[in-house]
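Participant: Here are the chains, one letter per residue:
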Amino acid sequence: MIFYYLGEYILLLKKVFKRPEKWRVYWKEIMHEMSEIGVGSIGLILIISTFIGAVMTMQIAFQLDSDFIPRSVIGQINRDSNILELGPTISALVLMGKVGSSISSQIGSMRVTEQIDALEIMGINAAGYLILPKLIAGVIMVPVLVIIAIVCALVGGLFGGVLTGAVTTNEYVQGIQGNFNGFTVAVAMVKAFVYGFIITSVPAYKGFHVRGGALEVGQAGTRAVVIGCITILACDYIITASML
Amino acid sequence: MIEIQDIHKSFGDKKVLTGIDAIFEPGKVSLIIGGSGSGKSTLLKCIVGLHKPEQGKVFFNKQEFTTMDFEEKVPIRKEIGMLFQNSALFDSMTVEQNIIFTLDMFSDMSKSEKRDRANFCLERVNLLNTNKLFPSELSGGMKKRVGIARAIAMSPKYLFCDEPNSGLDPATSILIDELVQELTQEYQCTTVVVTHDMNSVMGIGEYIMFLYKGQKFWEGSNQDMLHSDVQELNDFVFASPLMKAARDVIK
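So the protein lines, in turn, are chains D and F. For the first sequence, counting from 1, position 179 maps to 179 in UniProt numbering; every step adds exactly one. For the second sequence, counting from 1, position 241 maps to 241 in UniProt numbering; every step adds exactly one.
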């Protein structure tokens with residue numbers, strides 16, 4: 001069964017990557033989707049990552065409460081865990097819920113109201129027109145959102161640490177600057193790129209193949225988010241294992 | 001001209017269409033009628049390529065459509081206009097954007113030329129000054145008319161209508177029928193309408209195909225239908241007391 005769905009997903013992607021009828025129309029759609037996916041999610045990412053950063057600082061401080069460990073280590077651990085894992089993966093899971101369910105229900109309702117049939121009858125590659133702009137917007141905007149998430153988490157960590165007295169500003173800043181390895185950012189960007197692809201393509205696939213009515217559109221949205229989240233976590237493991 | 005030969009279609013074990021043949025001529029309104037579940041919409045979808053028949057061929061002006069791949073079908077599809085049962089207008093676009101969408105995709109017209117074309121199409125369906133409205137702001141009849149305006153934007157050679165009168169009041173239904181007939185004459189297009197609205201059948205049915213349990217049971221004109229002895233056809237067409245009375249008066 002899983003191979004049937006995988007095959008169907010790959011065939012859909014083959015249609016998606018066919019040459020667009022008119023790039024100008026697609027370009028407009030890409031800009032629109034970048035605004036929907038990127039700008040529309042900044043607020044949520046900002047809030048979530050700031051709080052995660054603050055809580056992380058407090059928890060690390062609680063666990064490393066020892067006279068033998070310098071307080072600057074708190075900043076260092078917070079930085080690395082945010083860059084490598086929390087920034088990309090938590091943001092991706094949150095975006096899967098927000099963006100993924102929206103993509104699935106948008107395309108799903110177009111399917112059940114025959115709007116996709118209308119596109120196909122006009123001679124337009126419906127898969128390409130509806131999904132390609134979302135995919136391109138996803139792989140561009142998710143890495144941008146991940147960078148924002150990492151920065152917010154680091155700033156949130158500073159506030160969380162300073163406000164609770166777990167760490168001073170100097171110790172924290174010293175920590176996030178110490179022993180920095182630029183490769184961790186590369187790993188984060190690879191993850192973000194892959195997640196951007198999953199967040200847009202999996203829900204688009206589920207929405208595109210909906211059969212039935214409003215109930216099925218809702219069910220497809222739920223399935224898309226569940227499958228997408230599991231795929232993100234599986235890819236997280238594979239990328240981490242192969243790059244670190 | 002559209003010609004279909006020996007169309008067979010089933011979904012799983014259920015046979016929906018069995019050996020349908022027909023010729024739909026240009027400049028004429030051809031109707032496909034039949035009860036619910038008789039396979040009318042499935043046949044229409046097989047003709048336009050939304051369903052692939054298991055057996056049989058569809059020809060558009062003698063070009064075999066069924067065996068073409070997506071790219072090969074595009075030139076023919078540019079000549080197709082289709083009105084869907086629920087209009088299938090793009091929710092996220094205004095009326096004007098819906099109409100000029102195919103022009104955006106396939107023509108090199110300037111913005112003002114496209115706007116003029118949209119206004120012309122809207123005027124043709126008596127819906128001027130609705131350009132900036134969204135489909136959610138339109139009534140059922142207005143949606144159907146926008147659907148027709150969108151279908152004629154590219155001056156189609158083939159016009160397909162899937163139950164154009166469903167959910168409309170009698171007066172609006174007649175308006176839509178007249179519009180379909182006028183446009184067929186104007187563009188000399190091959191028009192195929194799926195319906196079970198008897199007013200349409202009697203009003204615009206120049207060629208009528210009656211489907212029964214997935215088979216072509218009868219074909220002819222609306223005048224032939226009045227004098228037909230086919231029991232299944234009579235049971236379907238003259239089911240209501242009003243239609244029975246009308247037939248008796250005409251006879």
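Just so you know, the hints here were simulated from the structure itself, not pulled from any lab data. Note that beta-carbon positions come from the ideal geometry of N, C-alpha and C, so glycine has one too. Hints are supplied without guarantee of correctness; some may be wrong.
Said to hold, decoys possible - With a cut-off of at most 27 Å between alpha-carbon atoms, the simulated DSS-like pairs for lysine-lysine come out as follows: (1) F/K78 x D/K15; (2) D/K15 x F/K244; (3) F/K52 x F/K62; (4) F/K132 x D/K28; (5) F/K111 x D/K28; (6) F/K62 x D/K14; (7) F/K132 x D/K18; (8) F/K213 x D/K28; (9) D/K14 x F/K15; (10) D/K18 x F/K45; (11) F/K57 x D/K22; (12) F/K78 x F/K57; (13) F/K52 x D/K18; (14) F/K28 x D/K22; (15) D/K14 x F/K157; (16) D/K28 x D/K14; (17) D/K14 x F/K213; (18) F/K213 x D/K18; (19) F/K52 x D/K15; (20) F/K57 x F/K73; (21) F/K132 x D/K15; (22) F/K132 x D/K14; (23) F/K14 x D/K28; (24) F/K28 x F/K14; (25) F/K213 x D/K15; (26) F/K52 x F/K244; (27) D/K15 x F/K28; (28) D/K22 x F/K213; (29) F/K62 x D/K28; (30) F/K78 x D/K22; (31) F/K45 x F/K132; (32) F/K78 x F/K62.
Unchecked claim - Example chain D residues on the side facing chain F (calculated, C-beta under 10 Å, incomplete): (33) T113; (34) T164; (35) E216.
As the list claims (entries may be wrong) - Covered stretches of chain F, as calculated for chain D (at least 3 residues, CB under 8 Å): (36) 22-35; (37) 123-135; (38) 163-173.
Participant: Which hints from the list above does the structure break, by number from lowest to highest?
Facilitator: 2, 6, 7, 8, 9, 11, 14, 15, 17, 18, 21, 22, 23, 24, 25, 26, 27, 28, 29, 31, 34, 35, 36, 37 and 38
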